[in-house]
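Undergrad: Heads up: the sequence lines are chains L and C, in that order.
So in the working numbering, spot 147 of the first sequence is number 147, and the numbers just go up one at a time.
So the mapping is simple: the working numbering equals the position in the second sequence, first residue as 1, plus 423.
Treat the hints with care, as some may be off.
Said to hold, decoys possible - Using C-beta positions, here's what the derived DEER-type ranges look like:
#1 E137/L x D460/C: 24 to 34 Å
#2 R481/C x A404/L: 39 to 49 Å
#3 K248/L x E451/C: 14 to 24 Å
#4 E208/L x D460/C: 56 to 66 Å
#5 E193/L x V462/C: 45 to 55 Å
#6 G295/L x E468/C: 16 to 26 Å
#7 E468/C x D154/L: 40 to 50 Å
#8 D460/C x R23/L: 34 to 44 Å
#9 D154/L x R432/C: 43 to 53 Å
#10 E392/L x V462/C: 34 to 44 Å
#11 E451/C x R232/L: 14 to 24 Å
#12 E452/C x I26/L: 14 to 24 Å
#13 V462/C x D33/L: 49 to 59 Å
Claimed, not checked - Using 27 Å as the maximum straight-line C-alpha spacing, the simulated DSS-like pairs for lysine-lysine come out as follows:
#14 K318/L x K427/C
#15 K427/C x K215/L
#16 K127/L x K318/L
In short, the hints are calculated from the structure, not lab data.
Cβ atoms here follow ideal geometry from the backbone N, Cα and C, with glycine treated the same way.
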Amino acid sequence: MTVDDRFEQDLMETVRDRVIDPRSAIITGPVSDWATDFSHAEPEWAADPYLIQDELRERCPIAHTERFGGGWLPTRYEDVAAIAYDTDRFSSRAIIMSNVRPPLELAPVGGVPPISSDPPFHHDARKLLLPAFTKTEVAKQEQATRAFCHALIDELQGQPVIDAARDYAQHIPMRVIADMLGFPPEDGPQFREFVEHALEGVNAPPEERVPRIQKLFDYLLTQIRDHVDNPRDDLTTYLINIELYGQKLAPTHVAGTMSLLLIAGIDTTWSAIGASLWHLAKTPADRERLVAEPGLLPTAIEELLRAYAPVTMARLVKADMHWNGVDMKADDWILLSFPAANRDPAQFDRAGEVVIDREINRHAAFGLGIHRCAGSHLARMELRIALEVWLERFPDFSLADPAAVTWATGQVRGPRTLPLRIG
Amino acid sequence: MKVKINAERCQGHGRCYDLAPGLFGDDEEGYGQVLGDGVVPPGEEQTARLILANCPERAIEIL
Ligand code: HEM
Chain L
1 MTVDDRFEQD LMETVRDRVI DPRSAIITGP VSDWATDFSH AEPEWAADPY
51 LIQDELRERC PIAHTERFGG GWLPTRYEDV AAIAYDTDRF SSRAIIMSNV
101 RPPLELAPVG GVPPISSDPP FHHDARKLLL PAFTKTEVAK QEQATRAFCH
151 ALIDELQGQP VIDAARDYAQ HIPMRVIADM LGFPPEDGPQ FREFVEHALE
201 GVNAPPEERV PRIQKLFDYL LTQIRDHVDN PRDDLTTYLI NIELYGQKLA
251 PTHVAGTMSL LLIAGIDTTW SAIGASLWHL AKTPADRERL VAEPGLLPTA
301 IEELLRAYAP VTMARLVKAD MHWNGVDMKA DDWILLSFPA ANRDPAQFDR
351 AGEVVIDREI NRHAAFGLGI HRCAGSHLAR MELRIALEVW LERFPDFSLA
401 DPAAVTWATG QVRGPRTLPL RIG
Chain C
424 MKVKINAERC QGHGRCYDLA PGLFGDDEEG YGQVLGDGVV PPGEEQTARL
474 ILANCPERAI EIL
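Construct the complete structure from the given sequences, taking the supplied hints into account.
TA: Quick look at the structure:
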């Protein structure tokens, strides 16, 4: 047997230029006009992106910005869907709108396959992941997830006010993904740091980004090396051993996919659980109805995913073109707002309202087309169990201090501080 | 009434097998599959229409 020496080198050497070289000037500060100067990294956006997007949908409907080196924000469902489906003209080479555009040569693989991959490579990289994430497969984790949610609540019981984002929501996806990847469960707090840096640090200068990314890759390499020495039945060992086109994966592919699962798996679901609890805390009628009719929960979850879709993606325009009335340039960003699509009145009746028993709900919270969230079945399971257990243990709760609620800025939106009064 | 999945469009969201586990199932990669011959049992027509209206990819066809 030959020794697997793919993971001896520091991966930072390889990834350095892809992730840290800013190609556009960093512009921050208040937005002058959302139609011509939008930014998803400003506090007004974090506080309420819906008002901004609803207004743009009526007025534009595709907004522009010079920030981040230039980008566009479509706000109609129809435009968001068309871009998600058009992988010929819009690339996923980068999916976080920042001042860094990874080099063209990185396509079609990208830094974090398959989310950063374009056809035809995308299909093959995605196929490797799908079997572990089917509804049937994730159902096997339901019992452990339920027990974990109860254990979290056992710890919190008796406190009059609980921060449901910090002390409940965030821990659930952290534990689930740590188990799947085979990482030590006590490493959770480090994951939070990785997530915040990857998704919220879009305007940070290179001297801050380098050590952050180095830290994430160092962590992943330590885990990978440990799995090379002690293989076990988890996703890390699977990714180390799996073959694509008759060869084991490049070390950057293994680490890239692991970082994707870690980051996409945590922040998104934490946000969805938090936003759902926030809605129920401020809407007693919906909360009481779900307590009385637990069977309605799956329907309600789809509506909460529609109304508070946590994930916005990005694309890069491949070549100069005139598209739906605007002149796009090669390497312009598209901020692909599934949340905006989900509130388009042309697609949904009462689009701006939460209708907890909405039966017809063709929402796009998990994306559309070839990049459909590979973790959607896992996320739905986590969300259902997290809410079921919370409602069972704390049927009566409300916002302790609405002004104290804080929301993450950037492309994944959910409450980060959520003080709830119990009883 | 009969249901069919357009495999070209299906991306494995799973709304069909979530909402009508009697009519649809998932394959080993999570894509939707019609169970049996796809004939909708009498009384289930409304469910079939609901599935059609909920598929994000518009991959369900009713024949
Ligand atoms: C409520 C929670 C979640 C939401 C709203 C969400 C949303 C999304 C969206 C919108 C995409 C499409 C990206 C694009 O079009 O570029 C996506 C992709 C992806 N998500 Fe999720 N996600 C969630 C949870 C998860 C979880 C728990 C995991 C796994 C641990 C995960 C793993 C992935 C992966 C691997 C992709 C890339 C799929 C591909 O490119 O083929 N997600 N997610």
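Undergrad: A range of 39 to 49 Å was offered for this pair. Does it hold for the Cβ distance of R481/C and A404/L?
TA: For A404/L against R481/C, whose Cβ atoms are near 42 Å apart, the range 39 to 49 Å holds.
Undergrad: Check whether the Cα positions of K318/L and K427/C lie no farther apart than 27 Å.
TA: Violated: K318/L and K427/C sit about 35 Å apart, past 27 Å.
Undergrad: Given the hint that K127/L pairs with K318/L, does the C-alpha gap stay at or below 27 Å?
TA: holds, 25 Å
Undergrad: Honestly, do E193/L and V462/C meet the 45 to 55 Å range at C-beta?
TA: holds, 54 Å
Undergrad: Using the beta carbons of E468/C and D154/L, state whether their distance is inside 40 to 50 Å or not.
TA: Because 46 Å falls inside the window, the suggested range holds.
Undergrad: Looking only at beta-carbon atoms, does the pair E452/C, I26/L fall within the given range of 14 to 24 Å?
TA: Roughly 41 Å apart at Cβ, these two residues miss the hinted range, so it is violated.
Undergrad: Can you let me know if the beta-carbon spacing of D460/C and R23/L is within 34 to 44 Å?
TA: violated, 56 Å
Undergrad: Indicate whether the distance between the beta carbons of E392/L and V462/C respects the range 34 to 44 Å.
TA: Given a distance of about 39 Å, which is inside 34 to 44 Å, the answer is holds.
Undergrad: Run the distance test for K427/C versus K215/L: straight-line Cα separation, threshold 27 Å.
TA: violated, 49 Å
Undergrad: In this structure, is the beta-carbon distance linking E208/L and D460/C contained in 56 to 66 Å?
TA: For D460/C against E208/L, whose Cβ atoms are near 60 Å apart, the range 56 to 66 Å holds.
Undergrad: For V462/C and D33/L, compare the CB-CB distance with the range 49 to 59 Å and indicate the outcome.
TA: Since V462/C and D33/L have Cβ atoms about 57 Å apart, the given range 49 to 59 Å holds.
Undergrad: Okay, G295/L versus E468/C on CB: inside 16 to 26 Å?
TA: Between G295/L and E468/C, where Cβ atoms are some 22 Å apart, the hint holds.
Consistency note: the structure conflicts with the earlier hints numbered 8, 12, 14 and 15.
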